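Novice: On the provided structure of chain A, position chain B as indicated by the hints.
Spelled out, the chains give:
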Amino acid sequence: MTDIEQGWAEQIRQAAANNTALRIRGGGSKDFYGQQLGGEVLDTRAHRGVIAYEPTELVVKVRAGTPLAELEASLAADGQMLGFEPPHFGPDATVGGCVAAGLSGPRRASAGSVRDFMLGVTLFDGRGNRLHFGGEVMKNVAGYDVARLMTGSLGTLGLLLDVSIKVLPRPVAEATLRFEMDAVAAVTQMNTWGGQPLPVSASSWVGGVLTLRLSGAEAAVSAACRRLGGERLSDEAARTHWQGLREQSHGFFGGEAPLWRLSVPSVAEATGLAGSQLIEWGGAQRWVRTEQDAASVRARADALKGHATLFRGADKSAGAFHPLPPALRTIHQRLKHSFDPDGVFGPGRLYEGL
Amino acid sequence: MTAATAPLPENALRELDYSQVDVARLIGELRQALPPVALLHDHEDMRPYECDGLSIYRQVPLAVALPGTEAEVAAVLKICHAAGVPVVARGAGTGLSGGALPHAHGVLLSLARMNKILGIDPLARTAVVQPGVRNLRISEEAAAHGLYYAPDPSSQIACSIGGNVAENAGGVHCLKYGLTVHNVLRVRGVTIDGEIVEIGNHGLDAPGYDLLALMHGSEGMLAVVTEITVKLTPKPQFAQCVLAAFDDVIKAGEAVAGVIAAGIIPAGLEMMDQPATAAVEAFVHAGYPLDAAAILLCESDGTPEEVAEEIGRMQAVLESHGATEIRISRDEAERLRFWAGRKAAFPAAGRISADYYCMDGTIPRKRLGEMLTAIQGMETTYGLRCINVFHAGDGNMHPLILFDANVPGELERAEEFGAAILDLSVDLGGTITGEHGVGIEKINQMCRQFSVAERQIFFRVKAAFDPKGLLNPGKAIPSMNRCAEFGRMHVQGGQVPHPDIERF
Chain A
20 MTDIEQGWAE QIRQAAANNT ALRIRGGGSK DFYGQQLGGE VLDTRAHRGV
70 IAYEPTELVV KVRAGTPLAE LEASLAADGQ MLGFEPPHFG PDATVGGCVA
120 AGLSGPRRAS AGSVRDFMLG VTLFDGRGNR LHFGGEVMKN VAGYDVARLM
170 TGSLGTLGLL LDVSIKVLPR PVAEATLRFE MDAVAAVTQM NTWGGQPLPV
220 SASSWVGGVL TLRLSGAEAA VSAACRRLGG ERLSDEAART HWQGLREQSH
270 GFFGGEAPLW RLSVPSVAEA TGLAGSQLIE WGGAQRWVRT EQDAASVRAR
320 ADALKGHATL FRGADKSAGA FHPLPPALRT IHQRLKHSFD PDGVFGPGRL
370 YEGL
Chain B
38 MTAATAPLPE NALRELDYSQ VDVARLIGEL RQALPPVALL HDHEDMRPYE
88 CDGLSIYRQV PLAVALPGTE AEVAAVLKIC HAAGVPVVAR GAGTGLSGGA
138 LPHAHGVLLS LARMNKILGI DPLARTAVVQ PGVRNLRISE EAAAHGLYYA
188 PDPSSQIACS IGGNVAENAG GVHCLKYGLT VHNVLRVRGV TIDGEIVEIG
238 NHGLDAPGYD LLALMHGSEG MLAVVTEITV KLTPKPQFAQ CVLAAFDDVI
288 KAGEAVAGVI AAGIIPAGLE MMDQPATAAV EAFVHAGYPL DAAAILLCES
338 DGTPEEVAEE IGRMQAVLES HGATEIRISR DEAERLRFWA GRKAAFPAAG
388 RISADYYCMD GTIPRKRLGE MLTAIQGMET TYGLRCINVF HAGDGNMHPL
438 ILFDANVPGE LERAEEFGAA ILDLSVDLGG TITGEHGVGI EKINQMCRQF
488 SVAERQIFFR VKAAFDPKGL LNPGKAIPSM NRCAEFGRMH VQGGQVPHPD
538 IERF
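Listed in order, the protein sequences are those of chains A and B.
The numbering used here puts the first residue of the first sequence at 20, with every later residue one more than the last.
The numbering used here puts the first residue of the second sequence at 38, with every later residue one more than the last.
For reference, chain A alone in the conformation it holds in the complex (with noise of 0.2 angstroms):
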């Protein structure tokens, strides 16, 4: 164990013993997501860097406290990148704060999320003691998954050290086209051209306009692009947009409306909530700006067969996350007593009394 670690778990071990909280935290790029935050700050980004990179293995080990951006750049050089397109909304986040948050960005739907390439992690648990689950090899049945299940927990069930992560090469090549047509349609077209052997890496519709990404080899591509037609992006006004809707950059979430994400089946009909609709993910990801309350959008998801985050918002005391039914709850509430017995880990920031 590093001094770092050592110090980390002592920390951990006296929060139990006081029944005192901590807050664990990288570059706080993803403070406004979820519920309350408290408890004393533990920054994870002393500890960072590299562990092990071979191109050739498809994966990469780093510490949870390493820049994002850096580990970006870094399988950059090498012609690699995080398939998942994670968002980073600042220039300080972190990888752990990526899985942690288990955000993923326009790619997801094809390419999959965060938690399909998380293969390995170390983690000091609410006990402080240090934890290794999965490995950096692609297949690994040997107990339960707990690697993916630290994807998206928030920091509510461990800390996290470092993580293993499988990488995809980048795209030979890439082409942006754009085509003009309502929200009903979009999304039947983004399912129809889902359904066909096609190299979709992205999609989205807002405001009258359907935008797809294809990726792939270059034959593919310019064979795709022959084929559907539509209008074709520049590489510079391609990028823009793809990088809007991954950091939120795009006008569609400026302003101060509550920003609500909707995780539907692909086919879904229109939420019909009142405000504008941003989709992604072929239709399965719905981003919409609405003032109606909390209970009549999450009425609205469930009648969808889908659920409802808010994502940003001034008021989250109707919970940022959909609630669970009593028997998930109670799942939930065994696990975190699992990992964090003393709940020593962000309590509240996922759901309250977690």
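Here are the simulated DSBU-like pairs of lysine-lysine, each with C-alpha atoms no more than 30 angstroms apart in a straight line:
hint, chain 1, residue 1, chain 2, residue 2
1, A, Lys324, B, Lys153
2, B, Lys380, B, Lys213
3, B, Lys288, A, Lys80
4, B, Lys115, A, Lys324
Derived by calculation from the structure, the hints in this document are not laboratory data.
These figures come from a predicted structure and were not determined experimentally.
Specialist: Quick look at chain B alone, frame taken from chain A:
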């Protein structure tokens, strides 16, 4: 609450004794809950369920329940929960690690009768199926829509999708298309106390902790799955396969790394050593070069343009890594012939040997050469032959140890040989099981791969779903006592192997 008041579940310390079950009463209650065809308790009737694909372990249970509905599953679980009786869930029974081995004092819960495809949504590219549906049948039913279910374990003609979830099954195409966990959106299931839970979602994610990931590969220890929503993938327009021969296994291993380094993710990337090639060639006449030390099968799929481009790049890499011969499939018949040999590796082993023992370690690709060299040494040490087939693209190896159970001592030597391979897999930075599961077979090796504290967390995770520990007890995660016992057995010459590992 403090940590001191969070005691470890009792089953974490030692395997519990369930021999006090009132069998007559249990059978009586099950009879109330199930139609007559759905309950077996005559010894002879239960014999077909005494083992799974790992037939060296056999055990007849107290009863076999074959529910046809989710309500019947819940009823059986409630009865067993109330009576404190273990339950072992079983799909098609093709598993290779004894995960579905019955419990001597428990009920075997077969999901084989729940075999309906409940719906396919071609636009959304999803299918909702019951757990007893065979893997391949999903693809057959989806074919009319130009879709298929991507994970293709070699037993896909027989294995069930419920079993695939329990083991997180892979297959030859998982390098590009992912494992079961990447292709399942949602499962519905029943916990041991009879509660219905929906885990995952009809969309791409669900709120809260990722319980769907926990369910995959959990070997029936957390809940019994009754319904699964899988993702369907558009069928590639075209596929082509390159067969490359090498005069040295290390060179073949380097060529695998070379393909990945070139930024190519092949649809399949498989390797066979010379003894494996010889065994299958005699069996299926795939036309493999018999003088090669190793052959690689490297597949590309996609649009015809894409495949042509990728095959060209693959060929260049394989040539630059010293391939002695390269063949590119000229038509679909030839492509299938290339694969026929690889897919026949297990039956071919059965043809040249009375018995064989299939291992499943996964190691970083770069260590492949070291592992193969070590296995050659072990063949001498244990006096048994081993043929090697690999999912080379993801480092998942299936050494097949050949033995004859009728020759005294050979089974024991085969098991020791296998254990040595698994130990080395851990030492090389890998894992004891890539896709077959721990089950009963590799439970002792879990003591090597995980520390006491890590195994304790596993028991706590299980207890979050199954506080009494009644689902598949004694499998997958070894108790503290078992590991202590295993550790004692392996102390040789006064030396504890791997003194760096924390021991109970």
